[in-house]
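Use the sequences and the hints to build the structure in full.
The listed protein sequences derive, respectively, from chains P and Z.
Heads up: the first sequence is residues 1 to 252, going by UniProt numbering.
Heads up: the second sequence is residues 1 to 310, going by UniProt numbering.
For the record, the hints were derived by calculation from the structure and aren't laboratory data.
Misleading hints may appear alongside valid ones.
Okay, derived cross-link-like pairs now, EDC-like style, lysine to aspartate or glutamate, Cα gap no bigger than 20 Å in a straight line [to be verified]:
no.: 1; chain 1: P; residue 1: 212; chain 2: P; residue 2: 196
no.: 2; chain 1: P; residue 1: 69; chain 2: Z; residue 2: 162
no.: 3; chain 1: P; residue 1: 171; chain 2: P; residue 2: 129
no.: 4; chain 1: P; residue 1: 112; chain 2: Z; residue 2: 162
no.: 5; chain 1: P; residue 1: 69; chain 2: P; residue 2: 155
no.: 6; chain 1: P; residue 1: 184; chain 2: P; residue 2: 173
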Amino acid sequence: MSDALDVQNITVAYQESTVLENAAFSVPQGKLVGIVGPNGAGKSTLLKAVLDLVPKLHGRAVFFGDELKKVRSSIGYVPQRGEVDWDFPTNALDVVTMGRYGHVGLFRRPRKQDREVAFQSLKELGMEDYAKRQIRQLSGGQQQRVFLARAMAQDASLYIMDEPFAGIDAKTERAIIELMQKWKQQNKTIIVVHHDLQTAREYFDWMILLNKQVVAQGPTEEVFTKEKLQQAYGGQLAFLQSAASEETGGLS
Amino acid sequence: MTYEGWIIVTGVLVGASCSIIGVLLVLRQMAMISDAISHTVILGLVSAFLLTSTLDSFTMLIGAAVAGLLTTIVIQLLQNSGVQPDAAIGVTFTAFFALGVFLISRYAGNVHLDVNHALMGDIAFVPFQTVSVFGVSMPQAFLFVSVVLFLNVILAVLFYKEWKVSTFDPGLAVALGVPVAFLHYLLMTMTSVTAVSSFDSVGAVLVVAFMIVPAASAYLWTRSFPYMFVLSIFISAASCFSGYYAAKWLNVSISGSMAVMTGVFFLISFLFAGEDGIVTRVLRQKRKQRMQWNAASAAASQPERDRLNG
Ligand SMILES: Nc1ncnc2c1ncn2[C@@H]1O[C@H](COP(=O)(O)OP(=O)(O)OP(=O)(O)O)[C@@H](O)[C@H]1O
Ligand SMILES: [Mg+2]
Chain P
1 MSDALDVQNI
11 TVAYQESTVL
21 ENAAFSVPQG
31 KLVGIVGPNG
41 AGKSTLLKAV
51 LDLVPKLHGR
61 AVFFGDELKK
71 VRSSIGYVPQ
81 RGEVDWDFPT
91 NALDVVTMGR
101 YGHVGLFRRP
111 RKQDREVAFQ
121 SLKELGMEDY
131 AKRQIRQLSG
141 GQQQRVFLAR
151 AMAQDASLYI
161 MDEPFAGIDA
171 KTERAIIELM
181 QKWKQQNKTI
191 IVVHHDLQTA
201 REYFDWMILL
211 NKQVVAQGPT
221 EEVFTKEKLQ
231 QAYGGQLAFL
241 QSAASEETGG
251 LS
Chain Z
1 MTYEGWIIVT
11 GVLVGASCSI
21 IGVLLVLRQM
31 AMISDAISHT
41 VILGLVSAFL
51 LTSTLDSFTM
61 LIGAAVAGLL
71 TTIVIQLLQN
81 SGVQPDAAIG
91 VTFTAFFALG
101 VFLISRYAGN
111 VHLDVNHALM
121 GDIAFVPFQT
131 VSVFGVSMPQ
141 AFLFVSVVLF
151 LNVILAVLFY
161 KEWKVSTFDP
171 GLAVALGVPV
181 AFLHYLLMTM
191 TSVTAVSSFD
201 SVGAVLVVAF
211 MIVPAASAYL
221 WTRSFPYMFV
231 LSIFISAASC
241 FSGYYAAKWL
251 NVSISGSMAV
261 MTGVFFLISF
271 LFAGEDGIVT
281 RVLRQKRKQR
291 MQWNAASAAA
301 SQPERDRLNG
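What follows is the structure in structure tokens.
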């Protein structure tokens with residue numbers, strides 16, 4: 001079985017400064033993967049480079065042993081919430097229906113069944129009452145759930161999500177993690193940028209530590225060590241230390 | 001049709017054509033690009049004329065489309081190399097426009113390529129220059145504008161969901177394999193072509209009013225993507241009607257008057273539209289204050305009552 005994602009020596013620079021250097025890692029299928037690293041580590045950039053949303057200086061990404069073009073419809077991307085215009089005149093259901101566009105095809109209109117899938121996805125995230133609500137009238141957490149519903153409607157085999165838990169309350173976060181675990185059991189792969197080290201170890205079975213370069217990658221219990229975290233977070237770890245030692249304490 | 005009729009109908013068609021483009025530009029926060037393009041197409045027109053020595057509409061369209069695309073590409077290049085976005089637009093279009101004016105005055109001074117006309121075009125003259133199609137005589141400008149409107153409608157409908165997703169979330173659009181870059185340049189081409197088709201009737205300056213102002217007004221009223229097109233077309237049509245009669249009444253330029261009316265409709269929208277209108281907001285604030293005051297006075301009298309009951 002080929003890896004869900006194989007990243008080969010990707011380097012990305014904005015203007016002059018290199019923000020990602022020779023990033024290389026691979027993610028087996030059916031894993032729930034966390035990408036962690038400090039602010040500005042290049043996490044969002046990595047996801048965008050992998051999906052051809054920003055140009056790479058060199059390197060490439062291979063999905064299920066194939067190039068991106070061939071597998072687009074089986075990849076679901078959830079950008080950071082701030083990256084779209086929430087003042088855009090449309091409602092929640094419509095945004096979720098956009099997730100179906102890959103299945104609909106050029107020139108065609110979404111069919112009734114696409115709208116039904118979209119509505120079911122909203123329902124799964126407890127958002128059915130907001131289907132017709134203007135997107136800008138949704139709270140941050142509700143907007144995030146709309147994004148997740150859209151990813152769900154895409155019915156992808158690989159999900160790539162940038163901070164899906166930002167601005168979400170603990171209860172919703174738990175519900176979403178359960179949903180992701182369900183997807184995992186269906187052999188889907190979920191790659192998530194995550195900031196909370198407290199929960200990271202519990203949520204993910206595979207991890208990538210990033211700080212401009214890949215510091216560590218692999219099964220969570222191998223990656224989530226004090227030394228490696230310190231390496232990734234550098235001096236900033238001082239105040240994170242207690243969290244980390246707490247988390248790794250059980251391992252040693 | 002009457003003289004009056006042709007003018008209004010042509011105005012309405014220009015308005016509809018511009019509205020379709022305008023909604024997309026406004027939602028993509030690219031309103032100022034239309035200003036740039038409407039000026040630089042003049043360079044396209046004169047270049048096309050100098051290269052081919054003809055003034056037929058098709059050649060002019062090609063020239064305009066090329067100039068418009070070139071404008072956006074140059075703006076993009078400047079922005080990518082670190083020039084401020086608005087400065088990049090300003091520098092590019094003034095340079096292109098100046099070059100156009102220079103070429104006209106140097107090489108094309110004695111043909112019908114009048115800078116003044118291209119900039120300020122007058123819809124009052126539209127009915128006088130007619131062509132005959134299948135034996136039916138109609139103003140040339142009307143024919144030209146109808147064809148471009150037809151194109152715009154077709155492209156808007158054909159790529160409807162692609163326009164929507166690439167405007168709302170370009171990242172997802174790319175990930176879904178929507179040809180985002182192609183759509184961008186298609187929109188720029190449509191903007192150029194629409195600008196040129198409107199030159200005879202409203203000119204380069206006012207075409208910007210028709211592209212931006214009705215769309216910006218519609219945005220204040222509606223929270224639905226398709227209705228924004230409908231409403232924007234409706235507002236520009238209303239501007240044409242009211243503008244025509246206002247011009248007749250005040251004896252002023254008809255196209256100028258129509259453009260002023262788009263501004264009037266914007267002002268009305270700004271004041272009254274939906275929950276964001278200034279007037280609406282003030283009224284709501286007043287009502288809320290009154291309610292709070294009532295609640296506060298009720299609360300204040302509560303202990304009084306308690307004491308009495310106790
Ligand atoms: N469009 C851009 N132009 C120039 N520099 C950029 C751009 N986007 C990001 N950067 C820079 O690239 C670096 C990596 O940014 P990126 O957004 O990938 O970090 P991140 O790990 O996602 O951070 P965060 O945790 O804050 O989301 C940062 O230093 C940032 O300033
Ligand atoms: Mg980020």
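How the hints compare with the structure:
Our distance criterion of 20 Å between C-alpha atoms is met by residue 212 of chain P and residue 196 of chain P, whose separation comes to about 19 Å. For the suggested pair residue 69 of chain P and residue 162 of chain Z, the alpha carbons sit about 18 Å apart, so the restraint of at most 20 Å is met. Simply put, residue 171 of chain P and residue 129 of chain P have alpha-carbon atoms about 18 Å apart, close enough for the 20 Å limit, and the pair holds. A threshold of 20 Å between alpha carbons decides the hint, and for residue 112 of chain P with residue 162 of chain Z the separation of about 18 Å falls inside it, so the pair holds.
Our distance criterion of 20 Å between C-alpha atoms is met by residue 69 of chain P and residue 155 of chain P, whose separation comes to about 17 Å. For a cut-off of 20 Å, the pair hint linking residue 184 of chain P to residue 173 of chain P stands: about 16 Å separates their Cα positions.
Consistency with the previously given hints is maintained throughout, with no hint failing.
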